[in-house]
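Chemist: This is what each chain is made of:
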Amino acid sequence: MKKILISNGHIIDPENNLDQVGNVYIADGKILAANQLLSDFTADLTIDASDNIVCPGFIDLSARLRDPGQSYKGTILSETTAAASAGVTSVCLPPDTSPVIDTQAVTELIADKAEKANYPQIYPIGALTHNLAGSELSSMFALKQAGCIAVSNATAPFFNLLVLRRAMEYASSHDLLVMYHPDIPALSNNGCVHEGAFATQYGLPAIPEASETIAVAQCIELAELTGCRLHFSQISCKRSAIKIQQAKKYGLKVTADVAIHQLHLTEDDIEPFNSFFHTLPPFRTKKDKQSLRESLANGTIDIICSDHQPHDLDAKLGAFPETEPGISSLETLLPLALRLVDDNAITLPQGIAALTQNPARTLGIQSGALTADYSADVCIFDPTLSWTVNQDTWKSAGGNTPFWGQTLKGRVTHTIQAGKVIYSL
Amino acid sequence: MKNLQLNTEGKLKHFLSIEGLSKEVLTEILDTAESFSSMSEQKVKKVPLLRGKTIVILFFENSTRTRTTFELAATRLSADVLTMNIATSATSKGESLLDTIRNLEAMHVDMFVVRHAISGSGHFIAQNAAPHISVINAGDGQHAHPTQAMLDMFTIRQYKHSFDNLKVAIIGDILHSRVARSQIQALNTLGTQEVRVIAPKTLLPSHVETLGVTAFNCIEEGLKDVDVIIMLRLQKERMTSALLPNEREYFKCFGLTEERLKLAKSNAIVMHPGPINRGVEIESSIADGPQSVILQQVSNGIAVRMAIMSLTLQSNGETL
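Chains G and Z, in that order, give the protein sequences.
Per the numbering used here, the very first residue in the first sequence carries number 1; after that it's consecutive.
Per the numbering used here, the very first residue in the second sequence carries number 1; after that it's consecutive.
In short, the hints are calculated from the structure, not lab data.
Keep in mind that a hint or two might mislead.
Said to hold, decoys possible - Here are the simulated SDA-like pairs of lysine to any residue, each with C-alpha atoms no more than 20 Å apart in a straight line: (1) G/K3 x G/V421; (2) G/K113 x G/P68; (3) G/K316 x Z/T100; (4) Z/K201 x G/A186.
Claimed, not checked - Under 10 Å between C-beta atoms, here's a sample of chain Z residues computed to sit facing chain G: (5) L97; (6) L98; (7) H143; (8) V208.
Bear in mind that the values here come from a model prediction, so they are computed numbers and not experimental data.
For each residue, glycine too, the CB sits at the ideal point set by N, CA and C.
Here chain G stands alone, though its shape is the one from the complex:
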């Protein structure tokens, strides 16, 4: 395997408290050293990273690859190519594939496809209940053995809290992380936008904050009851963040992530009836956005994820409420995270920690850091390079992003996964 020297880059590695210019050495697919001078190292490949940032490869806690089952929206190959170009070296795949990730066979099928794609590491998330139906427990132990890194019911609801309690207890007995998407379906009531001024003006079915905050409160109580390791996926409201902050203070093993677009867009930004703005949870208010940014800065929210959901054209072609929700967002992840730094919402090391160190800790994996002997997963990016979101730059099979046509700042120049350059600009 190639020996790689990444020279003179600005290394930011929150796990190892690195924030300085230096070299990173890679050999045998592993990190040999970061920020030291190895005089006897002969590189097969030297990457000059002057003026660029060198950091651990990003770990995305939620990216739909649409494979297996919806290859007309995207494939493991197309979406991991997009991920690689975005500096992402590990993606967690939610279980709502078709078939659902609730058997060993499906988990192995994904591992097999991932190996052939030969791109970022894919961590399947197993179903928490059989077929995500919310009534019977999945074979969590078998799923864990087959390689599932956590369990979740994706966006499928629980109608019976007792089942959720049992599922959390059972997951906890196998030391599995439960990822929970907070939503009370009776309250969100098939809505498509936030219950606020926008919904009122355009007469669109609306989702109140309470549909999320009640679910958060409920699940925190169950985490206390069951002792389960709990992660909240894609929160969108200020009051959810407050509840999570209290739970953390109380000492519960709770973490949370936010989708990158929730930190930038609000209901005021929605272009009327433009289905590219249709996403769940919906874009909330300015106050919520501000609070989510503060929560990221103070550590209440640990992780930024892409919540990548590529779609085919037909899925977004229709009257707004009838279109499918979701944004293709892997490739805008880094520039939008850098925009938070430009807005002085967070520091650059905080942003990188939210994409590397923190997701690795939540998942309990030896990754997300440039520690010696860790898999050499590295992202090199130019924080000032501008690029335009268009068909020439875009890799994902889904072009469904409200940022289409915009010029964004910050672009990945190299992505290295397990010591292999899987993307270079």
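Assemble the complex: chain G is given as a structure, and chain Z must be docked to it using the hints.
Modeler: Structure of chain Z alone, referenced to chain G:
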């Protein structure tokens, strides 16, 4: 939104919703309707303005009043009219909205008048239809019903002449009402002094005040000194979805009675987009009484729809 409805010269190309339209555009519609309104009393109720044009009236939801006034308006403008009730047509065979539109386009039509149960359908069709086609929204979900709002504005102007000093109260199911949304926007654009909405909280959208209205949960307070009372129809399904207990209780709290009518100005007019639920939202004696202008609204509907059809087709391509 604005760009979609107006052509490059700022003239009305589609008529999808009131938002984004200026007072001047709305006034032009009302003035044009004025010139058509005397026509219905003439012997020959027809002008050749849209001769040779084909208008397709596409209703994905049932309606009698709106559909027939659109048909009459188009006929009186000498257009060829095709009415399609899609609820019983192609889409039930799995044809998509877009395919239905494409097929009709291939038949070289000039205008779609569309009613659909989903908010935003009118915009979707306007965005995807061929450039020579005008789209008129005849009601989309809970979003907008702009031709109804304009005929109501026409009726108000007929009786009250100007909007400046008016207090207008809209009573009923604001939450689910596309009519109310369009009325509120039109009233505010035309400079109405005060727009009030009166309903229990279950029938008011959250943040209703952002629409530029004052909200009342008590009809007695809300009716005080108003010049115009607009009643909305109460749909029966509101009772089954736990928004209201029953019709009798609704009438007790929010029904327009002779007694309550006295709280408004003595020359207040009473409006209703129809069809009326007698004894549920309004007492029969008021619906048929001297202050009611409900049937006048229906007659005005034809003139206003003629105005909107001719203005949108006029702005679209060759002079007529």
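Chemist: For the restraint on Z/L98, tell me whether the closest CB of chain G is nearer than 10 Å.
Modeler: holds (7 Å)
Chemist: With chain G as the partner, please determine if Z/H143 meets the hint condition of a C-beta pair closer than 10 Å.
Modeler: Holds, because the Cβ-Cβ distance from Z/H143 to chain G comes to roughly 4 Å (cut-off 10 Å).
Chemist: Taking the least C-beta to C-beta distance, is Z/L97 closer than 10 Å to chain G?
Modeler: Holds, because the Cβ-Cβ distance from Z/L97 to chain G comes to roughly 7 Å (cut-off 10 Å).
Chemist: Given the hinted pair G/K316 and Z/T100, is their alpha-carbon gap at most 20 Å?
Modeler: holds (17 Å)
Chemist: Does G/P68 lie within 20 Å of G/K113 when you go C-alpha to C-alpha?
Modeler: holds (9 Å)
Chemist: Answer holds if the nearest beta-carbon of chain G is closer than 10 Å to that of Z/V208; otherwise answer violated.
Modeler: Holds. Min distance 6 Å.
Chemist: Going straight from one Cα to the other, do G/K3 and G/V421 come out at no more than 20 Å?
Modeler: holds (11 Å)
Chemist: Hint check: Z/K201 vs G/A186, CA-CA at most 20 Å. Holds or violated?
Modeler: Holds, at roughly 19 Å.
When held up to the earlier numbered hints, the structure conflicts with none and fits them all.
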